[in-house]
Amino acid sequence: MTLALGLLAAALLVAVTGPHYLDKTLSPRIPPGLALTAWTVSTLFVVAAACGGAVLLGIPHNESVDGLVGMANTCINTGRYLEQTIVRVTGIGVVACAGLRVLVVAVRRSRQHTARRDEHLSLLRFLGIREATDPRVFWLPENTPVAYSMGGRRGTVVATTGVTGLDPPAREAILAHERAHLRGRHHELVALAEVLAWALPFVPLFRAAPTAVRVSVELAADTAAVRVCGKEGLRRALCAVESHTTPRESLAMSREAVELRLRWLDPARQPPGNTLRRRAEYLVASFASLLPGLTGVVLFSGCALVGCLALRTFG
Amino acid sequence: MLGLGELELKVMNVLWAAEKPLRVRDVLERLPGQRKLAYTTVMTVLDHLHTKGWANRAKDGRAYRYTPARTREEAGAGLIREVLESSGDADSVLLHFARSASGHESRLLRRALDRWEPPENGS
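Protein sequences, first through last, are from chains A and B. Just so you know, we're using the working numbering here: the first sequence kicks off at 11 and counts up by one. Just so you know, we're using the working numbering here: the second sequence kicks off at 4 and counts up by one.
It should be emphasised that the hints constitute simulated quantities derived from the structure, not laboratory data. Honestly, I wouldn't trust all of these hints.
[To be verified] To be clear about the criterion: a stretch of chain B counts as covered by chain A if any three or more of its residues have a C-beta under 8 angstroms from a C-beta of chain A, and this derived list gives those stretches:
#, segment
1, 8-15
2, 73-79
3, 112-119
[To be verified] One side of the interface only, derived from the structure: several residues of chain A facing chain B at Cβ under 7 angstroms:
#, residue
4, Tyr31
5, Leu36
6, Ser120
7, His123
8, Arg126
9, Ala157
10, Gly194
11, Val225
12, Val251
13, Glu266
Treat the numbers as computed from the prediction; the structure is a model and nothing was measured. All residues carry an ideal CB built from backbone N, CA and C; glycine is no exception.
Chain A with its partners taken away, still in its complex shape (with noise of 0.2 angstroms):
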């Protein structure tokens, strides 16, 4: 049972504290796409250790669990059946009804996006026109410079005819953009930090995670777009589809956006071009971000044998 325990406990450390240390990925330092990476694992890190946690402690007998790291024999594990009864029950209950939230709103969810994207997908096949060169691509007759992504299986980047009155420049980097939105699967990464804080808002790493996430993406696909047209393409893009706000919105607040994004450009650190680098910095960054949890799991497992050890020499 210590392994399960310490898996909860360190699911409960990432949970409580990531947002403290993951907040400090976002830095012009950093290329987004690694802040990115590093908010998505210590998610996933979060629900995977509770869901572990919780499925070894139903396994019965599970002491041959902790056996594998020679800690069958703890106090944890051969402590009193009715103790060792109410852990394991609470354990259980806790994250299976924080699992069932989850799994009930995410279906709610993804039928109400799944219903959404094939009504707009019917009218983008009658209203646009599919590039010839790539099928994921429709273009839409309108003046305004507009550009969108939708995600899901059939991902589709979607442009008005005003965008292919920009400068060649503006205009790659604006369809790069919105490709590396479908490439780096980011409408399912959102979805995900939001289903969950939605689920169970409670949770201060779920709460913080959408903004963070949704943050992340945009610059992680605005340092794609500038690899492939240059700072300066990106920069006149965002110039040009800025002065056309929303009416929802007001000027200001578009403005701002766009001049944040324009003020991260500057000091960024050039991302590596070779992909081969870039896949190994994003291993190291996954790996990194699992370090907190990891060395959770040890330090629990590491106070249960001190304290059994000194239950057993004092007790």
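Position chain B against the provided structure of chain A, taking the given hints into account.
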């Protein structure tokens, strides 16, 4: 979106492609698809499109002849307007190129930037 269903869109598509006003029978003949729709179904759809302001009709003998009230381009512009209006919502179906950041997002960005380059006035 736009208040048009899949079938209504298909009928509008026929009206947009036609050079002259069409009767219900003409629309039925021009509708693509293996499954032939009932005459009354197409008539109802055209009637709805007229009520919603998507199609105009004029009496021709005992039947109506229909023409689109809005062009395909106008419909496209309407779709874009809807997308722009909804782009402020916290919704991950669409990611908009220049979506204005929410207050939380702006604060997060500004804080990270200020950590990197402290504000000059020291505030």
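Structure-based check of each hint:
{"no.": "1", "hint": "8-15", "result": "holds (count 4)"}
{"no.": "2", "hint": "73-79", "result": "holds (count 4)"}
{"no.": "3", "hint": "112-119", "result": "holds (count 6)"}
{"no.": "4", "hint": "Tyr31", "result": "violated (14 angstroms)"}
{"no.": "5", "hint": "Leu36", "result": "holds (5 angstroms)"}
{"no.": "6", "hint": "Ser120", "result": "violated (11 angstroms)"}
{"no.": "7", "hint": "His123", "result": "holds (5 angstroms)"}
{"no.": "8", "hint": "Arg126", "result": "holds (5 angstroms)"}
{"no.": "9", "hint": "Ala157", "result": "holds (4 angstroms)"}
{"no.": "10", "hint": "Gly194", "result": "violated (10 angstroms)"}
{"no.": "11", "hint": "Val225", "result": "holds (5 angstroms)"}
{"no.": "12", "hint": "Val251", "result": "holds (4 angstroms)"}
{"no.": "13", "hint": "Glu266", "result": "holds (6 angstroms)"}
In terms of the numbered hints stated before, the structure departs from hints 4, 6, 10, listed from lowest to highest.
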